[in-house]
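From the two separate chains plus the hints, produce the assembled complex.
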Amino acid sequence: MAAKYDLNDNRVVVIIGSGAGGGTLGNELAQKGVDVVILEAGARHEYTDFLNDEWASFSQLAWTDNRTTSGSWRVSKNFPNLPAWIVKAVGGSTTHWAGASLRFQPHEFKTLTTYGKVAGANLLDWPLTLAELEPWYARAEEKMGVTRTGGREALPGNNNFKILKAGADKLGYKECHTGNMAINVTERDGRNACKQTGFCFQGCKWGAKWSTLYTEIPRGEATGKLEVRPQSHVLKIEHDKSGKVTGVVYADKDGKIQRQKARIVAVAGNSIESPRILLNSASSKFPDGLANSSGQVGRNYMRHMTGSVYAVFEKPVHMYRGTTMAGIIRDESRFDPSRGFVGGYEMETLSLGVPFMAAFLDPGGWGRSFTSAMDDYPRMAGMWLVGEDMPQESNRITLSKAKDKYGMPVADVHFDDHPNDIAMRNHGYKQGKAIYEAVGAIRSFPTPPYPSTHNLGTNRMSAKPRDGVVNSYGQTHDVKNLFVSDGSVFTTGGAENPTLTIVTLAIRQAEHMAGLMKAGVI
Amino acid sequence: MSQDHQHDHDHDHNHPHAPALTRRSFLQRSSSVTLASAITVTSAGALLNSAEAWALDVKALKPQTMKTLILLARDIYPHDRIADRFYAIAVKGHDEKAGKDAALDKAAGGKGYLTLGWEEERVKLLRKIEGSPFFQTVRSGLVVSLYNQQEVWPILGYEGESYSKGGYIERGFNDIDWL
Numbered sequence: 001m002a003a004k005y006d007l008n009d010n011r012v013v014v015i016i017g018s019g020a021g022g023g024t025l026g027n028e029l030a031q032k033g034v035d036v037v038i039l040e041a042g043a044r045h046e047y048t049d050f051l052n053d054e055w056a057s058f059s060q061l062a063w064t065d066n067r068t069t070s071g072s073w074r075v076s077k078n079f080p081n082l083p084a085w086i087v088k089a090v091g092g093s094t095t096h097w098a099g100a101s102l103r104f105q106p107h108e109f110k111t112l113t114t115y116g117k118v119a120g121a122n123l124l125d126w127p128l129t130l131a132e133l134e135p136w137y138a139r140a141e142e143k144m145g146v147t148r149t150g151g152r153e154a155l156p157g158n159n160n161f162k163i164l165k166a167g168a169d170k171l172g173y174k175e176c177h178t179g180n181m182a183i184n185v186t187e188r189d190g191r192n193a194c195k196q197t198g199f200c201f202q203g204c205k206w207g208a209k210w211s212t213l214y215t216e217i218p219r220g221e222a223t224g225k226l227e228v229r230p231q232s233h234v235l236k237i238e239h240d241k242s243g244k245v246t247g248v249v250y251a252d253k254d255g256k257i258q259r260q261k262a263r264i265v266a267v268a269g270n271s272i273e274s275p276r277i278l279l280n281s282a283s284s285k286f287p288d289g290l291a292n293s294s295g296q297v298g299r300n301y302m303r304h305m306t307g308s309v310y311a312v313f314e315k316p317v318h319m320y321r322g323t324t325m326a327g328i329i330r331d332e333s334r335f336d337p338s339r340g341f342v343g344g345y346e347m348e349t350l351s352l353g354v355p356f357m358a359a360f361l362d363p364g365g366w367g368r369s370f371t372s373a374m375d376d377y378p379r380m381a382g383m384w385l386v387g388e389d390m391p392q393e394s395n396r397i398t399l400s401k402a403k404d405k406y407g408m409p410v411a412d413v414h415f416d417d418h419p420n421d422i423a424m425r426n427h428g429y430k431q432g433k434a435i436y437e438a439v440g441a442i443r444s445f446p447t448p449p450y451p452s453t454h455n456l457g458t459n460r461m462s463a464k465p466r467d468g469v470v471n472s473y474g475q476t477h478d479v480k481n482l483f484v485s486d487g488s489v490f491t492t493g494g495a496e497n498p499t500l501t502i503v504t505l506a507i508r509q510a511e512h513m514a515g516l517m518k519a520g521v522i
Numbered sequence: 001m002s003q004d005h006q007h008d009h010d011h012d013h014n015h016p017h018a019p020a021l022t023r024r025s026f027l028q029r030s031s032s033v034t035l036a037s038a039i040t041v042t043s044a045g046a047l048l049n050s051a052e053a054w055a056l057d058v059k060a061l062k063p064q065t066m067k068t069l070i071l072l073a074r075d076i077y078p079h080d081r082i083a084d085r086f087y088a089i090a091v092k093g094h095d096e097k098a099g100k101d102a103a104l105d106k107a108a109g110g111k112g113y114l115t116l117g118w119e120e121e122r123v124k125l126l127r128k129i130e131g132s133p134f135f136q137t138v139r140s141g142l143v144v145s146l147y148n149q150q151e152v153w154p155i156l157g158y159e160g161e162s163y164s165k166g167g168y169i170e171r172g173f174n175d176i177d178w179l
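In order, the protein sequence lines correspond to chains A and B.
For the first sequence, the numbering used here begins at 1 and goes up steadily by one.
For the second sequence, the numbering used here begins at 1 and goes up steadily by one.
Check each hint, because a few of them may be wrong.
Claimed, not checked - Below, computed lysine-lysine pairings styled on PhoX-like, alpha-carbon distance capped at 25 angstroms:
| hint | chain 1 | residue 1 | chain 2 | residue 2 |
| --- | --- | --- | --- | --- |
| 1 | A | Lys405 | A | Lys256 |
| 2 | B | Lys128 | A | Lys77 |
| 3 | A | Lys315 | A | Lys405 |
| 4 | B | Lys165 | A | Lys162 |
Unchecked claim - Chain A residues, not near chain B, derived (Cβ > 10 angstroms throughout):
| hint | residue |
| --- | --- |
| 5 | Asn52 |
| 6 | Gly71 |
| 7 | Ala119 |
| 8 | Gln196 |
| 9 | Lys253 |
| 10 | Ala282 |
| 11 | Phe335 |
| 12 | Val354 |
| 13 | Pro378 |
| 14 | Lys403 |
| 15 | Lys405 |
| 16 | Asp416 |
| 17 | Lys430 |
| 18 | Arg443 |
| 19 | Ala463 |
These are computed hints drawn from the structure, not numbers from a lab.
Even for Gly, the Cβ is constructed at its ideal location relative to N, Cα and C.
Extracted from the complex, chain B is given alone in its bound form (with noise of 0.2 angstroms):
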């Protein structure tokens, strides 16, 4: 867990002053959602996103809820160039094992986690449940999920796999013009 949050004590246990969170809380939708998301959802009941030109077919989980998944991931690990088609990959893996519990909701105060519209008040409804299961759950997952994506690394600036190309020794290995 990360020692450098503003939380002066340790996270090996769920705060008493949040709710025992766990993921049906948190993914209980609200029914009135105005996020301005670029994600809709089809009368199929797929996830749809035109303007990235990507959809995803939802099997358990509720669409909203896939939905709001992929606004936490982005919210745990925020990138401004990735697009939500690298979260919605990245999270989708939970949509076989969606459960049955309590509330990230119940803790934004009834409303939908997708209604609040400023990432910081996210971030600070999330720091209040970081330290429990099922954050540490998409979190750690999302480490491999998002990070180990090929198509996510030339946004990053990684140029991955390298011996089928020789090696860097011709492509730029010690190219720093700049000292």
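Just chain A, with the same shape it has in the complex (with noise of 0.2 angstroms):
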């Protein structure tokens, strides 16, 4: 029987987000015994509401509550109030994202002493080395069942990745496999096997592709010690005169502000409502913000340097049918400034139906050159570049003017890419388009960044308080009791999907908090 604590009941953990952060954390704490409440702002959809349609998807999980944007990236210009494609439901962005797990390379913990000093760039060397982590990293991939680790066998590869082992086969390229993603090849951990069904992003209906909503959190309810209550909104964290944090506010599904509270609380909303909640929190003692004392909580956003490449060819592919993110090649992951930038960058396939590439493959074009590439939608492959972006302190979430419906301020999100940035895009695009046209692709279409799906660095881990926001457990430096738990954590954005690390951070940070309660520290 799920558990239901009491809004002044002060002894639980308070997570606030329930995705790859929050979900993982209050399983495993209700797993050792803890009492946890987990605060969703989304609504709760079980895995078989889920569509295969990409508007009315996104208009059941996509975070469409109200962000501004400003600086000079398109994304700003071309959906100036939707910065990032991420959910609002119970599950978090695990409900929609694609499956890749990959762990991140030994040098990217540690980018100021392998890039050097970059200017205008912000780097800083994680508090942890990969070393540490991997233990976390392994137990990380045994939960969530990621292919071509631990023994398990590789996803086969569809048409879309065929022709981008072909293309990498000619171009020399060493490393190019089906990924390591965490999704069923057969059926494990009472969850069906993969039917290449093409709608990873929308949630996978048969519950092969890992998220929190159908592992983690029924995992965590059956323990009788986890409470999730969705359409919870969480405005504010409150504390005490000391510092310590007491209880969180938010508003429930009628809109009435409720206050639960804590003895310790979790902000796992993602990177932009983390800092936003942290800094709609500010008190007189803390002016600036909950946790601010460095000024660094919104800043050094990160949301990897992007960008895809779709290629025509004379005959069928039907990149859409199968696994949408299945295939990568990792040769250009690599540390090698000889290319013009640091930091690397992962290629993986990618693709979108029709709804979604007329919206996104060159947002505000129209005539014959865009719908020439639209009619040869049946005959196009596609790959995503994903790289790491510099952390800039002037890439950052700060409170808007506009106010949400409880009168809090929204969000805006600032970024301009760096040079870096456009260097690393420019070299991928062009890597991009080589690989198709060794395989006979007739037109290239390099393809901007869509509204962000990874989004990092907001509260930022570091070893000493004044650079960041969080120690290496996501405890922040100034409030013992108040702690972070998701991809706003990171010191650096490496160049892999973010969420493996997310969840192998929850995992760790799970021991650690319980460890320290049990001790009576927090």
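As structure tokens, then:
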């Protein structure tokens, strides 16, 4: 029987958000006997409710509450109130993600040491090394059933992958395979095998792709120590005179303001809402926002260098058939400044349906040059570039003048590309085009970044309190019983999709937090 | 807005050399229309396309205005294999929102947009007004109202919903045979 905690029960750990970080943390703590309340802003849809329809699914799952944008990025021009494509629902963005589960590389924890100072970039080494995280990564891969790890077999390659592989072979790329994916190849862990349905981004209707919605959350609930409260939109975190957090104020499904007391609060609302909540929790004791003595809350916003390359061939491809992203070339993710940039990028297969291709292939584009591309849709292949973008202090989440329906300032997302990001992206476009041309592509389309699906860095980890917001366990430097548990803790972004690292950090954070609780420290 | 068109400056403002364009100026029709369009106007004021066998009741706009909107939609997103009826469905939402202003027809030199026989001429005109709120409203609406029609998808080679058919694991997910 699922738990139900009283609003005045101050023994509970309150977690804000139920995604990769919040959902995993909640279950891991519940398994250790800790009482947990997860407050999730979104509704609860079970995986049988997902929709194989891009726009309908977007309406069902996407975070569409207002945000504003600023800066020179094209997303701000084309999608001024949609800086990110992430989820407002139980399970968070693990409902929508493609399943790509890559470990960071060793040097990506030490970017300042490895790359040196980069003008205009706020590089910093993580207060963690890959070696320290390796046992936790292994636990996360086991939990999620990541292919090509732990003895698990690879997914089969779909048409889109086969083209990528043929091009990779022609160009001499050495590390091309169907990826490390948190998707069942065979039935595993009580969940179905992948049926190559082609709507990974719209939620997996088979439950074959890992999501906290139908793994961590029901497992945590089964212990009787986890309560998930959907449609509970957190407005701010409260603290006492000593600076200890005491509870969380939220609007319930009827819009009524509620206050849940807490022994510990963990913020896991993804990298736009998490800093927004901390900034909106400013008080006379914390005039710049909760846990913000460094001034770094909201800063160093990273979205990965992204872009896509689509290409048209003479004969049919049907790239939309099958997994959206089970295909990767890893060679360019190395550190090799002879290419004209620091950091590296992964090249991953990607497909969109006709409705989203029309929206994102060339936002604002029209006329025959656009429609002739759309006419070639069944002969298209596509890839997504994911690379390490430079943290810049000026790329940041701040409080907008615009307010939400509860009167709270909404988040403004400011972003400008760094020259390193641009150089990397141009290299990726060139290489992507070359891969497809090697297999006979007749046209290719370098496609600009979509509203950001990877959002990182806005409450970053640091060894020294003045450089960041949290320590290596995600515990804020300023407030001992306040933690951050999502991708906003990333000191730098690496070239890899973030979810595996978020889950890994959450497993490790749960053990540490439980230990501190047992010792009576918090 | 598209970055790759012929103009060399930004489009956040209206062009100084084109008239301020709003819905009505575009939709003012000319009296003599000789366009070889398959759409006719019935005596009851509806649009009729016998060849494609569809009719469209037009409530708020004049039938000729709706006909112009359909052509505008096709010129913005021209697909020769997509029949007029899909463009008609895509723009019929504007029928409820008919406005009251300025002139694409004026930019066409006093003749109707429909009288410009070549797509090239019409597109040249559209490029002059592509920064206008009216054009952007029509264009951005079409991204969904045209491309999200389920019956358009097979024309563009997209198979749509897949779960009810068991996914593609036995329906050609890896059937490419020409590599």
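Among all the numbered hints in the text so far, which are the ones the structure does not match? Failing hints, ascending: 3, 5, 8, 12, 13.
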